[in-house]
Amino acid sequence: MARKIVELTEVTKIYEGKVMHRALNRLDFEAEAGEFVAIMGPSGSGKTTLLNLISTIDLPTYGRLAVNGIEPETLNQNDLALFRRRNLGFVFQTINLLQMLTVEENLVLPLTLDRVPVADMKRRIADLADKLSLNDILSRRPDELSGGQAQRTAIGRALIHQPELILADEPTGNLDSKSARDVLELLSKVNRTAGTTIIMVTHDPLAASYCDRVLFIKDGEFFNELYKDEQRRTFFQQILNVLSLLGGNVNDLSSVRLP
Amino acid sequence: MTFRQFAYRNVVRNRRIYAAFFMASAFSVMVFFLYSMLLFHPAMEEGFVQEIASTGMMVAEFILFVFTLFFLFYSMRAFLQARSKEFGILLLLGMARSQLQRLIFLETMLIGGVAIVAGTFLGTVFSKFFLMIVEELIQLPDLPLYFTWKPFALTIGSFASVFIIISLVAPLFIRAGEVYDLLQGESAEQQAYSTTPWRAFAGMALLVLTYTMAVYATNPYVVRIIFVLPAAAVTGTYFFFSDSLPYVIQLFRSRKRLYWRPFWLLSLSEGVVRLKENARMFFIVTMVSTLAFMSVGLLASLTSFANQYRELNPLGLVYKSYPGNVLEQIHVRQLTDELNDKDIDYNVVPFRVLRQKSSFTDKNVSIVRVSSMNALGYTFGYPPIELADGTAMFLPPTDSSFRQLNDRNVRTKLEMSGLTVDISGAYPHQLFPPNAIGSNAIIVTDADFERILSGPDGNSATQFRYYAFNIRDWQETKDVGRALHEDELKSILLSGETGTLFSFGNPGLNYSVIRTTFSLLLFMGLLLAAVLFLAAGSFVYFRLYTTLDRDRRQFAVLRRMGITRKELKKIINRQLLPQFFIPWGVAFVHSAFAFLALQVIWDALAEISIAKELALVLGGFAILQISYFYLIRWRYLSHIRTPE
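Going line by line, the protein sequences match chains A and B. Counted the way the numbering used here counts, the first sequence spans residues 101 to 359. Counted the way the numbering used here counts, the second sequence spans residues 2 to 645.
The reader is advised that the hints may include incorrect statements.
Per the computed footprint, the stretches of chain B lying under chain A, defined by three or more beta-carbons under 8 Å from a beta-carbon of chain A, are [stated by the list, open to error]:
| id | stretch |
| --- | --- |
| 1 | 385-394 |
| 2 | 554-562 |
| 3 | 565-572 |
FYI, nobody ran anything at the bench for these hints, they're computed from the structure. Ideal placement from N, C-alpha and C gives every residue a C-beta, glycine not left out.
Bound-form chain A, shown alone:
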């Protein structure tokens, strides 16, 4: 049995406000080291809340949450920030590169915060640039990149400090199908070769079909779970089936794109 990297036990998250909103309700979830997990569900099902909790930028109202064996509640703000910086990597839908930095500078940003020696940073950039084929665009700025290049840069930034866990929020949401496939293949390659755990929130059944396991949630509660098949095509079909069972909104089912 592999080590558990994320463990949620009966986690409930309630947003207090003018209208009280229960985003997650007694959800159990765990991810083992080296797993590639997708989280799917209709809008408002609590996917992003779940991801925020795992990101440790939000704390559960009830229940136990442990990331890499550490319970975020026991850490103060400072240690949490350091914990995120050293253990987690993030990839977002809106690509969120810092506009005023070049690709290279965006990549080293997390390292500079930890005062890594410059020689080390250069070595890691060289490694990554090869792996992600970023060599030609290192000195460009984010506004001079295509969507795929920008997302590859963002993945590079998430990988550069060799985190154990990568959290991705709709990483292919803004990409054309070719770039989306590149990004997904890249993620699964990282997952296979470096053994990095990846948890990805997505709407896209095709993206989900690249994963080892898909978790479906609805209204903040566990709905279903699918494990990868031999054949990606059949896995994809199964995902579609669950999605149609989930109902939700028609918009949540993106058009079928066969690989």
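Use these hints to put chain B onto chain A, whose structure you have.
Structure of chain B alone, referenced to chain A:
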């Protein structure tokens, strides 16, 4: 919701953006109003000081007016650019251009109107306080609070016209392009990365050149370059902000060992963007601050001149009478009578000053007798000096000439009388204003003095008589001898300087005029500088506010990436500090060098140093600026931390 309501709500709900802008406008209205209160004050009609005061007020009002016009113009433009997305939506919804213009007009007039009302109201509230300060400064018996329509009319009229002009012109700033461009909002900032090397170097070179010229300036030379230097400095400063500084940062960015450090990476890259966006604003702020430093420093130095006045003028009153002046005794009697009337203690010592030609220098030398010197010295409490017949002592014309003359030994023959004296040493105290007795004066014994008088041409040896009044309460004498002063002026007007056989000096009066004039000007200058500072600060604040959304998103990314609160603060410090203190620091350096150049002229005028006053003024500005920095950082941090 009517159209007017819409405009009203736009303003009221954007009040956080408009706050600093509004504050700066209202404050300048207030100061303008206070100035005009003084300008139209019924007690300010006559007298020299009053004239200076009202001219100063007029100049200050004018500067304030022009500056406000520029400030509003520039901020308005920035405001509208920042809101271009909103205007895009309005146009998309089918608003006509003319309606958009009307909207902007209404909004501007709303802010302007409220700012005028608030400023005038605050001005009225503080006017008694203001008049009390001025009363104290110019030592007028009473400046009562008064109300006429004039200051109100001037203030409201001027600012209303400013706001009307601005609101009519402002809509022209909205890019005339497509709705789509407007909807894209402020994304035009990205193209601003390139710098022109030659301009970068030109900026540096110009500044270095100006500074060296200012440092190596000598007196006749300064006057010649005084018109070239400011122009060079202005151009240099502009290039410095638009090109040199970004260029230097670009160079720095290629040095990874220096650049790839925890906070530099973020703050420098952010800094260069801000710099490019705001280069023009930084330039304006720098020039305005330089002007403020300069004027305040100059005025402060004038005040310090006044403080050293007493050392330069140890006597209370002086009366000088040339041979042939029949009114001499009457005038002196008049003065002593006035002093007695006013119960002012005084000692008067008459000097008879002779003139002889010295064989040693071949120039005229003025001669006084030792008993007169000792009599005057006694009233100051100095011990008497002793001289032997045939010896003499230098009477140094200024404090600084004492050291040179003290070590000198000269034997000279006084031509005409044929007397030979050995001159050695110098009188150790300054009892007279500089050069009062003559730039070349000696003290001889009473016997020698009589010998000159009874010698050949003894009758024509008398140069003038000098009545030295030593008065302890010398500032009390400012009303003594007014009639005499007027007589002297009349005589000079009628028969010229040579035909006037007497002169009268009243340091007490001169001092009070100089002091009040300078302190009044200083006070007005400080107020003006405060307005300029507030405006500059409000601009920085506004700029921060317009990019708040972008910054918030950026910090959200950083927060996920794992940045602690402390680190966030550090990054923000490194971003904000340069925006506040680089223009200010450059202005500081500018004015320091300008003062170096001015010191050359000033030193020649009077032997005073302005270092202390300058330190005081700059220190005061520094405190103001630092507190403003903390205020704005506090607001900014709390905005950044709250998610959208």
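- Item | Violating hint indices (sorted, rising) | 1
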